[in-house]
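Which chain is which? The protein sequence lines are L and R, in order.
First residue of the first sequence? That's 1 in this note's numbering, and the numbers climb one at a time after it.
First residue of the second sequence? That's 1 in this note's numbering, and the numbers climb one at a time after it.
No lab work stands behind these hints, which were simulated from the structure alone.
Predicted model only: the values in this text are computed from it and were never measured.
One or more hints might be untrue.
Chain L regions said to be covered by chain R (calculated; three or more residues, Cβ under 8 Å) [what the hints assert, rightly or not]:
#1 78-89
#2 202-212
Pairs of lysine to aspartate or glutamate residues, derived as EDC-like cross-links and limited to a Cα-Cα distance of at most 16 Å, are as follows [to be verified]:
#3 154/L with 183/L
#4 67/L with 7/L
#5 154/L with 32/L
#6 119/L with 32/L
#7 294/R with 92/L
#8 169/R with 97/L
Beta carbons: idealized from backbone N, C-alpha and C, even for Gly.
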Amino acid sequence: MSRSLLELNNVEARYGPVKALHGVTLTVGEGELIAVLGANGAGKTTTLRAVSGTVKRDGEVIFNGKKLPRRPEATARAGIAHVPEGRGTFTELSVWDNLRLGAYVRRSNVKDDAARVFKYFPPLEERRQQQAGTLSGGEQQMLALGRAMMARPKLLLLDEPSLGLAPIVVAEIFRVLDAMKAEEGISVLVVEQNASLALAHAARAYVLEVGRVVVEGSSDELRANESVRRSYLGY
Amino acid sequence: MAVAAFTWTEFAQQLAAGIREGAIYAGLALALVIIYRSTRVINFAQGELATFTTFIAWSLMNHGLSFWSAFPIVLAIAFTGGVAIERILIRPVENASVLTIVIITLGLALLLNGLMSIIWGGQNRQFHGPFSTRTIDVGGVPISVQDIGIVVTSLALVALLALFFRYTKLGLAMRAAAVNPASSRLVGVRVSWMLALGWGIAAVLGAVAGMMIAPVVFLDPNMMQTILLYAFAAAVLGGLDSPLGAVVGGILLGVTITLLGRYVEFIGSTLKLPAALLLILVLLLVRPGGLFGKVAVRRV
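For reference, chain L alone in the conformation it holds in the complex (with noise of 0.2 Å):
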């Protein structure tokens, strides 16, 4: 494994009285695609969120060699996009202006950033001056992955990409993910309901049960593991 990037240790997070992660322990490395999976309310999506600081945690979160802040707009400056439960778009704003803020923590030609927005997802190019909530299901992702694009993170937290598209639109946004991840170095962290296709393109991948990781390991290994392909992958 590559020098770890983040580093979640023993992580806890609750929503008000209820505890939603019981001590998550995870690792991402440079330039790594990592999965999460699990059923639903395993706390996939509140792992994501504890490393955003976009829910209160407990615990030591690691990035670049640092203790994470627990708030949101510092998370985003220290190099993390978040593509969060819903993608999270502005949709009262138009295409461009989403990708624009995408770019706020940085100081840029935001013409360049989103050139190379446009080369992964040209229907954007065209639709640029549409307000964004008029979009498709699968631009609104492409337009989420834009966004995070935009900002040049060094760690893209991304929360089920797949979530009511077709397949062959969930097939061309992994397609970008392994090119992001190529071309621009950037590391990944995957909630995904549909284990086999982000075992396809993930390298390692942990499983979540009510709160703590019962199952880890490389995407071959979970693949071989007889409780998690019954469970996750159905067969």
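Given chain L, work out where chain R should sit, using these hints.
Showing chain R alone in chain L's frame:
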């Protein structure tokens, strides 16, 4: 009471007066909308804040400054004051209910009103504006330079703000923070500070409205109270969520009530406010979201 015969010249003059009234409402309505969009709260202290800053301008001019040299100083004070008020009074209750914040703005209005009476006294003051009251001939219609100056200044400020919100990174961040605070935080926007900036900008809008209207109506601590009601009506008319709506609503309201006051005998000058509110009531029955607003439709 007999109404004099109708002439087009007089109609044009009334129209100009209406636009001047409307420009003031527009500025103040825009201030209300900017704060409402980000916090869902009507800032009831907006009027007193405007009057307070106008009094500061009056004091500066009493110490020998000209209007236009006092003007930027007052805007800077207004902006700083607006930001400071948000940080000190609103920030601690940011996550409290809307009612809590509304009560705070009401309390602030009372506090500022009392402070003004203590500092400057309760009597009317003459406020010497920057524009002459003589009239010039605009296409055969005599219109006062002051009216033109008020409209141009108010609308120039609105246009500047529009450019700021549309083209600058900070303006974009403020819009984003208003429509989607959670996502804004994730892209690195300091949402809480955007609210404070909104208060600063709203205070500047109020200060300009105050300094523009004071030469017309005399300066006293209650100067903006009726005007704030009209501004509120204008904001609702335009749709509380829409900055463009606030400006259009303001001008429309100013023109409508001025013309109604002049040409509908039983309204005159005494029933203008009720007439304005009645109009808005009727409009809201037809278009609940106002002219430019969106009605919140929720799927359940």
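Structure-based check of each hint:
1. With 5 residues having a beta carbon nearer than 8 Å to a beta carbon of chain R, the stretch 78-89 of chain L meets the requirement of three or more and the stated coverage holds.
2. Chain R is given as covering the stretch 202-212 of chain L, and this is violated because 0 residues of the stretch bring a CB closer than 8 Å to a CB of that chain, at least three being needed.
3. Using a Cα cut-off of 16 Å, the hinted pair residue 154/L and residue 183/L holds, with the two alpha carbons roughly 12 Å apart.
4. Annotation: proposed proximity of residue 67/L to residue 7/L holds, straight-line Cα distance about 10 Å (limit 16 Å).
5. Restraint check for residue 154/L and residue 32/L: satisfied, since their Cα atoms lie roughly 11 Å apart, inside the 16 Å limit.
6. Annotation: proposed proximity of residue 119/L to residue 32/L is violated, straight-line Cα distance about 22 Å (limit 16 Å).
7. Between residue 294/R and residue 92/L, the direct Cα distance comes to roughly 11 Å. Compliance with the 16 Å bound is thereby established for this hinted pair.
8. For a cut-off of 16 Å, the pair hint linking residue 169/R to residue 97/L stands: about 10 Å separates their Cα positions.
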